[in-house]
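A.B. asks: These protein sequence lines map, in sequence, to chains C, S and B.
Take 54 as the starting number for the first sequence in this note's numbering and just add one per residue.
Take 1131 as the starting number for the second sequence in this note's numbering and just add one per residue.
Take 3 as the starting number for the third sequence in this note's numbering and just add one per residue.
These are calculated hints, taken from the structure and not from any lab test.
Each residue gets a CB set at the ideal place from its N, CA and C atoms; glycine is no exception.
Worth double-checking, as some hints may not be accurate.
Claimed, not checked - In silico lysine-lysine, DSS-like type, Cα no more than 27 Å apart, as pairs:
#1 S:Lys1181 - C:Lys492
#2 B:Lys232 - B:Lys46
#3 C:Lys185 - B:Lys421
#4 B:Lys188 - S:Lys1282
#5 B:Lys253 - C:Lys463
#6 C:Lys639 - C:Lys349
Stated by the list, open to error - Among the chain C residues that face chain S by a calculated CB cut under 8 Å, a handful are:
#7 Phe223
#8 Phe226
#9 Gly227
#10 Glu238
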Amino acid sequence: MATIYVDGKTYEVNHVNNLLHECLQKGIDIPYFCWHPAMGSVGSCRQCAVKQYKDENDATGQIVMSCMVPATDGTKISVDDPEAAAFRKSVIEWLMTNHPHDCPICDEGGECHLQDMTVMTGHAYRRFRFKKKTYINQYLGPLINHEMNRCIQCYRCVRFYKDYAHGDDFDVFGAHNHVYFGRHEDGVLQNEFSGNLVEVCPTGVFTDKTLKQHYTRKWDMTTAPSICTHCGVGCNTIGAERYGGVRRILNRYNGQVNGYFLCDRGRYGYDYVNSAHRIRTPMRRKSNGELGTASKDDVIGNLKNILARKKKVIGIGSPRASVESNFALKKFVGADKYYTGLSDTASKLVEQVIGILKNGPVRSPSLKDIRESDAVFILGEDVTNTAPMMALALRQSVRQAPLKLVDMVKIPRWHEYAVQDVIQQRKGPFFIAGVAGTKLDDIATRTYYAEPDDIARLGYAVAHLLDNNAPAVKKLDEEIRQLAEEIAQALSKAERPLIVSGISLGSEVIIHAAANVAASLSKEQKRTNISYIVPEANTMGVGLLGGGSVGDAIRSAREKKADTVIIFENDLYRRANKESVDTFLKQFENVIVIDYLKNNTTEKATVVLPAGTFGETGGTFVNYEGRAQRYFQVYYQKDELKESWRWLREATMAAGHNDFKEWDNLDAVVGAVNREAAALRNINVAAPTSRFSISGMKMSRSSARYSGRTAIRAHENVHEQKPPDDPDAPFTFTMEGFSGLKPPALNNLFWAPRWNSVQSLTRFQEEIGGPLRGGDPGVRLIEPPGNISFSFFTDIPAAFEKRDDEFYTVPVYHIFGSDELSIQASWIQELTAKPYILLNRRDAETKKLNAGDEPDVQLSGVTLKLPVKISDAIPQGVAGMPVGIPGMDNVLLPGWVKI
Amino acid sequence: MSIDSETMLSNEEQKEIQHEFEHYETKQAACIEALMIVQKHRGWISDDVVKDIAAFLEMSPDEVDSVASFYNLIFRHPVGRNVIFLCDSVSCWVMGSTAIGEHIKQKLGIDYGQTTEDKRFTLLPIACLGTCDHAPAMMINRDTHRNLTPEKVDTVLEKYK
Amino acid sequence: MNKPLTKNIDPKRGPLNLKDYEKAGGYQGMEKALKEMQPGDVTKVVKDSGLRGRGGAGFPTGVKWGFVPMGDNAPHPKYLICNADEMEPGTYKDRLLMEQDPHLLVESMIVSGYAMQADIGYIFLRAEYAEAEKALRKAIAEVYGKKYLGGNILGTNWSFELYIHTSAGRYICGEETALLNALEGKRAIPRAKPPFPPVVGLFGKPTIVNNVETLCSVPHIVNNGAIWYKDLSKTDDAGTKIYGVSGKVKKPGLWELPMGTTMREIIEEHAGGMQDDVKFRGVIPGGASTDFLVEEHYDLPMDYNEVQKAGSRLGTGTMIILDDQTCPVGMVHSLEKFFARESCGFCTPCRDGLPWVEKILRALEEGEGREDDIATLEMHGKFLGPGNTFCAFAPGAVEPLQSAIKYFRDDFQRHINQKRCPWR
Ligand SMILES: Cc1cc2nc3c(=O)[nH]c(=O)nc-3n(C[C@H](O)[C@H](O)[C@H](O)COP(=O)(O)O)c2cc1C
Ligand code: SF4
Ligand code: FES
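All chains should be modelled from the sequences, with the hints used to inform the complete structure.
C.D. replies: Right, dumping it as structure tokens:
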């Protein structure tokens, strides 16, 4: 700690930070551009100038950049000093010399940091009388708009894209006052985190191109805190609406999870909410066999009879439905007749993962913990494609070990370019064992491409080297033994080693091997973490709730003698093979599907009810870490879009069941989960209840400047309508209500006096770059027990043996395409991979196949024509096929295929 | 290291660049040399050449271009067979380089940054050539010409075809 | 020997080859250092000699060397870099040394490299110096032949490789940390200090950057001692200095003279005085980025301390003369055009401020000046000062500007009043 003096006032600050950071922390407004809490200081914009005085006797002082000066004890500065203030004003004046002054037509308008800083510094009169320079803009792909003329050369974009996200297809060009930020030539930005440019850029150079298609100003959007629905990481987002549709997704800072950033799938995958394939009304199969719109009363009336015979009903939940909905379904049909909606493989593996995390000695880390890991070993995950934001976190981890050098030469860690000058090319230990090349290979110390069993063998070997009690691997190749040795050494030298694995390859032995490595490391009393990647927003939630798989449902359907199946938000055709699902669904008289998008399963339904997406409903998801997080309905809608549990409640009450009578709002369901589902206890802590209020007010979803408050529904009714109530959330749907600092789980709008842009975040954080005020939201449901004796897994597989006539085919994941929901967005479709089969170069040669050839590929009865892709990074005898993307709908991997 | 036949760089260019690799801790450090070497052979650096150099140095084209576009002696646009660099810095200015510049412009019918139609000359301003005691001065390709007068410029230009 | 730096130079004859250079006493400094002295002794004698950096900033060379980690635990490779970028307008002294006596620089690199136990040396040479490059390459090849470079030099177990890096332009490359980035094949953006290059420099390793002229003094200091070197000077600042004069004098050129020789002597005696039809009005004493001095400073001893006291800097010691037939506003415009174009583009005041300055000066020259232009120029003079920008480039850029306004304000005003340049 240190004491500093700012304009005569005394402040206790943290000496490890710089003055800008600490002043902002204390609520002192200092304008800035180039500094970013996640990316440190570089001192390029010179906007954060203050006067520094040597001591009491120094009356003149010297202008310094507050972002470049450490907050050492006794530092004396003035922000108000007239010279410093004049200089700051000049900086804006310089930056504006070439700025187009096009605020009215700029998407950034109203949430522009440049606007804020211009006002804050007082620059209001233009003296520069010469011609402005202009630039030609670039096409950067479907996600990001480029308007270089607005650039103020703060270098934040390139620092994020290159230095933080390690993208190499974006840079700064030219020199003097002709510096250009963009690409070497027009083209789609290749980095999976490019969308962050939109939030990182303090002005309107990089803006959300998808927002442009239905543009709305910040203050005219209705917003709510949300959780990303596109993978198992659980990034915190803000969903924003106008006129009944989601307009954009913004990052919602959570110090433990995503911090300042989102991946492009998460930011741009929202458009399924607005999709033409949405189910917006109840439907019933008519006598002509067609599925047609029906009134709610009609459908409920129908369900009343069906559900009255409760014994004959089974339920299938979903990893993309909320904990609450799954819980309701399970409660209604009974534990023995509830299925989680996971595939056989996923179900088995998630159970393993939960077992290991609950009983094992090692903790599952938050993304923050991952960013801070100092040695990493990944087994079998292509993290960039299966858990994108975890990959971004992992990219930060390779800096941890070299940062020690930085400390040694006494360079503060926030001094970014100085840090880079010290670190140079050094990277901490980072090992990847995967089935094919991954997007993280560029930071890897060593990569090992192998078939899943061989990956597991490597893991087992590492574990054995770390702890003799862990079983040894027989017949290990010398080369692999050496690799294991290298990995074991690096991990045991680390202070915060991290093992990453997951269920994407469908391999149980990999999960076990990873657990052994982590367990053998943890014996040394260090902070070992293990992170298992799961694919969907609530995979862990249904895993914790417990239940059979879709396969179990299929296999036991006959014996259960059910005539009705209720399916919540799940397309079973993505979980099991087509024939078995077809047969399965045919057995039922009633197939009741509650979902929000049409899919192969809804096609087979007898009754369909419209579920709400994250836009129209609220609930809880549990992420890979075991963190339960609440998302809130974003906007009011008058369609019959409801939480699946609410539909169930309505129907069962009509049928005369009283199970859910008390559940008149989300709190009641959350309360029931809390009481009745042991593994989900504490889930209620994730967010305040709907009764929460401040000064008697609920929180407002809309900003105080929302336009059209009384007119927005004037096409329905010219009289001002009573704002609808939200029984589930401590939010109003309008601008009425509390708009000050809310509890952290309820942040829906980063906005503060004088700070209209997302830079206002500093006002919401307890510690800049650290936790939010009141603590980062979400509650961890799984912690390793105090002292346990972990018994090592011993199922070491034999080494992979390739077959002559078949390839062992593993799933290959794509950030754009493998996820069921985001692919609904047209701009994501543009970026989606086309079907292919990936082969090793030698195998392709043996088969006399060239890249692009389209051989017949046979896989469990299905034959596909797939173009060949060739790689050196996939082992011989193994093939890869993309999963989830159109054209590969019916492919369940891994498995053996014939070419 | 062997010569990579896939890149469009000539064997000679590759050899010269490889020689530079020996002088640095990383291949990427030879980026500026690589650009200068290839420019020596080809006169300028086209977009395709940026890509070839990038591949050879295990960098991305964007990274190479970011460097290339920073330095004024790396040409990202075609230039004439001879490049006239007329010093426009202070000592030469005092000694009348503006008039020399006007003379060249008029004689060749081009402005700064332009190339004559016959591709014989490109005219560029350059920072102090470090021969201020013989101002005004210019450099054509890599030869320095000093104590310029309009008449002297005429004779000098004749030597460059 | 009172002209140690230039004693071998005879432009009519050209540079000495290795044999003749040795005959003229060359490589004795190297022999002495490597055979008779510990590395630390070399640093000590340089420190004691009072040698200050000739690249412009005048930092004591031995002190800088003292920051380099020494001993068994020191990081390696360590680098010694000769800053031969010489792009400061009006400056051409290093060119003379390299073209006319390349072996002196090579010897200097070896001796200085030995002092810091460097493993690799680079001569960072501006691209335009083709003749210097040729001379240096030849000298280096000769020296490698004689095994003064390479492994185990003179049986000392110390190895030193020497390479030439030719730059691709840009004045900012001369700034020592930007130079490091350029050598690493990156954009030449200055680095943050700290860390300072002697501790964290090229590729993150200990690195010394010194100017050509600075280094060239070292073998002589080693040979003749610190006291000898101090005695060469007329003032407290030690040694000799290569002074230069350009502009409308009778005999523009370069002369090695005792440090502290007066401006009058340099201009009147060595440069032959002003040309007949013009009068002296002012001088930029040490390259483009120093403040104007005027007639009242004519008798100033030209050393670091005295020139600083007079409100300017000795800089590179190469003077550019302003005469009464030349427009001071035009001269400053030429300078600022250079600076605006050469700004690296990293920090705001420099990147966007200097083009504004340049445009105003052009407007003044073209008769489009406005009443508040001088105030705007002054604002830039003040706000582009040290500390306000990321590196020393912009502060240097505004030195001639602010001093021109100070001494020639009336001329600026006349441009505005008359709506034209009075000299045109
Ligand atoms: C913009 C700028 C340009 C510079 N250019 C040169 C140069 O061309 N040559 C040089 O020796 N020093 C130059 N310097 C000074 C160097 O940064 C550095 O101080 C010098 O090379 C150190 O050597 P010395 O101590 O021997 O003078 C420049 C400094 C700045 C700020
Ligand atoms: S002052 Fe700033 S823009 Fe100018 S050269 Fe230095 S770092 Fe670059
Ligand atoms: S924020 Fe401090 S210089 Fe940019």
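A.B. asks: Which hint numbers doesn't this structure obey?
C.D. replies: Violated: hints 4 and 5.
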